[in-house]
Every structure is written in C-alpha cells, then in structure tokens.
Amino acid sequence: MNNASDIYLLGIESSCDDTAAAVVHNGAVLSNVVASQEVHRRYGGVVPEVASRAHQLHLIPVVDAALKEAGITSADLSGVAFTRGPGLIGSLIVGVSFAKALALSHQLPLVEVNHMQAHVLAHFAEPPYPAFPFLCLTVSGGHTQIVLVRSQLDMEVLGETLDDAAGEAFDKTGKMLGLDYPAGPLIDRLASQGEARFPFPKPQVEGLNFSFSGLKTSILYFLRDQVQADPDFIQDNLHDICASVQARIVSILLDKLRQAVEQTGIREVAVAGGVSANSGLRRALNALGAEEGWNIYLPKMEYCTDNAAMIAVTGYYKFLAGQFAGQDATPVARWEI
Amino acid sequence: MEYLVARPEELDPVAEALLSWAGERRKFFLYGEIGAGKTTFIQAVCRRLGVREKVTSPTFGLVNEYTYPDQQGREQRAYHLDLYRLTRLEEALDIGIEDYLDDAAYCFVEWPDLIEALAPPEVVRIKLSITGNSSRKILFL
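Chains as they are written, first to last, in numbering that gives the first Met the number 0: chain B, 0 to 336; chain P, 0 to 140.
Some hints here could point you the wrong way.
Using C-beta positions, here's what the derived DEER-type ranges look like [said to hold, decoys possible]:
#, chain 1, residue 1, chain 2, residue 2, range
1, B, Q326, P, E74, 21 to 31 Å
2, P, L3, B, E205, 21 to 31 Å
3, P, R76, B, Q262, 26 to 36 Å
4, P, A118, B, D254, 56 to 66 Å
5, P, E8, B, E290, 30 to 40 Å
6, P, E32, B, R333, 41 to 51 Å
7, B, T72, P, G72, 50 to 60 Å
8, P, K53, B, R196, 28 to 38 Å
9, B, E205, P, R76, 24 to 34 Å
10, P, P68, B, Q262, 51 to 61 Å
11, B, Q106, P, R76, 33 to 43 Å
12, B, Q106, P, E8, 54 to 64 Å
13, B, E290, P, L117, 49 to 59 Å
14, P, R46, B, Q326, 37 to 47 Å
To be clear, the hints were calculated from the coordinates, so they are not data collected in a lab. Ideal placement from N, C-alpha and C gives every residue a C-beta, glycine not left out.
Isolated chain B (complex conformation) (with noise of 0.2 Å):
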C-alpha cells in the first residue's frame, strides 16, 4: 500500500479522434500514451479512424501500455481521472465506462476532468510553470479560447471563436489549395519558404472573440480570382500563399492575446492546443513577449495535442481538492469550463 501522500492517477482520454492514457504520480508525469500504430500493432489489427469503436479497441492496450511504462499495477493506483466532456458522446462513453468499472474493481475514487480545462493544465505537467494569475491562449483543431487562469481549477474563458477555430482555417485553406487533410503542420512547412505578401482582411470582432470563418471565405474569392487570371496561380505562388495566410491567422491570435493582457494587466502569457505547434505562432508569440516583456509558456508538443496526461494532472489537482465523481457520472457533450 501507498502512503496517503504517494498519489498515482492513471488519466483516460477518449474525447474525439485520440485514445490516451497516462499515469502521473503525485502530479508527476510517469507515463503519457496515445494509441497508435505502435501501440496496436503489439494487440494486432489495424487502427480505424475517428470511431467509438476505435476507442474500444484502444483502451484496454493503451491502459496497459500506460501503467507498464509507468513501472506499476492497476492496484498501485490511487484514483482514476477521466475526460467527462466536452466531445464526442459516442467516444466519451467508452472512456468513461471503462473509467468506472476500473475505479469500482478495484474501490478507488473517481474523477471527472473538463477537456478543456486539462488543455490549460498541461502546463502543469513539466516545469517552467506559469505563476498565477496567467492567461492561457488554447487553440486547436477544434477550439480557440483565451482563458484566464487563477488557480489550478479556477478559470473563465475571456474569449473564444465565434465560428471557426484556428485549426481548421488552416485545414480548410489546405482544401482549398489542394492539400491534403490536415494540413497544418504542411502549411506551416510551406510558409518558411515564402513571403507574406498577399494582404488578407482582418476580422473585425468585438471584445475577445474570434472568428475565422470570414478570413476562409476572403481566401476564397483570392484564389478564385487569382487562378481566373491565372490557372497556374496556386502551384506557382505557393509558398507565398501559405505565409500570408499563417501570418494574418497568427496576427489574429496575437492581437487578442495583446488585447487580453492589456485588459487584465497580466503578464505570464501560457498557449495550449495542438496549433501551438505552429512555428510561425511560435516564432511571433516569442518576439512579441520579448518586446512587451511578457514570460512566455509553451508546454511539450506532447502535451499540447490530445493526450491523458493533461488529464491526470487535472485529475492530480482535483484530486487534491477532494473533488471526486460518483459512479453515476456520464459523459456530456458541451461543457463550459
């Protein structure tokens, strides 16, 4: 038995696309495991897309995976955090059910973590760690917010999109210029090579708020214009095309952070969400803190995609604060932080 300050939190994610597990020991990451080929290929089969069925598959290697990489048993283990929401009904379902068999096997608490919430608190999961109060800027495929933290499980989110998120504008230029899905990280690549020389709009939205969606259809027109005039346009102006388009998508997201921190006066400045992997965001958020004397956070790209990590480490914190769920938690599709 583990003394009562020796805490292991296995953490399940089943959100969306991702199967994840991890293992934190008192809020120490031990184990961070996200199903892959890898992973499934030692199980056998084959890997299926986006499906709840996928997560069945999953869960139970990846669990194992998890707690073997981590060095311990299912009976080291001191409470199991799951993702409750907000996702996919169908996906959270297997996670959750999978949580509360395993936490009713073997009598241990049981702890319910907001998806977005952990997003935040995967700057938990390694050190530097931003001091309170910090604004996190979360920002992915499926999500864009500006979220104010003052503790571990005290936030308001002080903006967020009001259509699109920044992850799918890249996604969807992608489409539009011929590129496979998802084509950030190919973006990204293609944008190092070129110029910003093709001016698109700024949206203009009030308050915190974003949106991406008129900035899509501003692409649009461009590129419908443009290959009018010239059908070789795209191919040809490429590179260009992609560093204008992440460069005005990165200055929408810089100027509402700006904006924030103007408007709260706070300085520890912390992104999150699989697009903070963009090297342009990076790039521009650094020199931006530099200039405007702002510390700067950005966690482990590991830590920024889907992962259970961040789960567990939520998990850890409330944990702690004696927050715990019942066995009749279910899973919820919307979930304000």
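Starting from the known structure of chain B, fit chain P onto it as the hints suggest.
Below, chain P without anything else, positioned relative to chain B:
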C-alpha cells in the same frame, strides 16, 4: 423554394422561412462548397430556434449539441453535425449517425454526401451556392 441573399445579415428571414416551410420535418442536409455559408446559415436557423449556446463549426468535433426552450419553455436539444473529416460510411456509423437521425430533435448535417443512403425520407435538403463576394443563393428541396 429559392432565396437570394446579398449579405449574411439577410439570413434571418430565410431561416424563419425554412423552419415554417419544413413544418414537422427536423432533419436538414446542407450542401455547398467551403465558404458557401453552411455554418453561417445554421447559425441563423439556431438563432431563430432560440439556441442559447454559441453555434460554431463542428468540423473537428464532428457533432455540436445545443439547447433551446420550446414554446412551453421546456429544454430541447438540437444537433449540428459535420462529416467533412470522414471518408467512409462506417466512420459515420461509428459516431452514432443513426442515433442522431432517429432522434426527434432538430438535426443539421454539413457535408452529408457520405450518408445519402441513410437519409430519412422526410429530409430537407438545402443547397447553398456563391453568387458574389457576399451574396448567396439558397435552395430548399
């Protein structure tokens, strides 16, 4: 039914017309290229229904759920689906597409081509096309 709108602000009366034209039919498939305004039109329809939450693109999350009060003030659900990322019918079945289509709730589906075979007989098809830099043609079938 065919409508021409010059700018997004003109969508509200079209949304109202759609809901009264559809009557008891609550499954809507929306067609149109990227940027045609599918999500923007669904925002207008949800505004008309009285949806409380922000209506955003479900491209990444696949399904958004919203709530709105009916005439008796009871909370009702509406589903907003986007199959853009999916490539096989099996994937749509795996996310529970049949449950959403069977449910009595309003259900708006963007990029529905993959699930034509599952379309309920009463489905309302909405075709959006770009006619100018902010104008659109909207067709109900």
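Structure-based check of each hint:
1. Q326(B) with E74(P): 21 to 31 Å: About 25 Å separates the Cβ atoms of Q326(B) and E74(P), which means 21 to 31 Å holds.
2. L3(P) with E205(B): 21 to 31 Å: Roughly 29 Å apart at Cβ, these two residues keep to the hinted range, so it holds.
3. R76(P) with Q262(B): 26 to 36 Å: About 35 Å separates the Cβ atoms of R76(P) and Q262(B), which means 26 to 36 Å holds.
4. A118(P) with D254(B): 56 to 66 Å: For D254(B) against A118(P), whose Cβ atoms are near 43 Å apart, the range 56 to 66 Å is violated.
5. E8(P) with E290(B): 30 to 40 Å: 38 Å, holds
6. E32(P) with R333(B): 41 to 51 Å: For E32(P) and R333(B) the Cβ distance comes to about 29 Å; the hint is violated.
7. T72(B) with G72(P): 50 to 60 Å: 52 Å, holds
8. K53(P) with R196(B): 28 to 38 Å: 34 Å, holds
9. E205(B) with R76(P): 24 to 34 Å: Since E205(B) and R76(P) have Cβ atoms about 29 Å apart, the given range 24 to 34 Å holds.
10. P68(P) with Q262(B): 51 to 61 Å: Check failed, 33 Å falls outside 51 to 61 Å.
11. Q106(B) with R76(P): 33 to 43 Å: 36 Å, holds
12. Q106(B) with E8(P): 54 to 64 Å: Holds: the Cβ-Cβ distance is about 58 Å, inside 54 to 64 Å.
13. E290(B) with L117(P): 49 to 59 Å: The hinted range 49 to 59 Å holds for E290(B) and L117(P), with Cβ atoms some 54 Å apart.
14. R46(P) with Q326(B): 37 to 47 Å: 39 Å, holds
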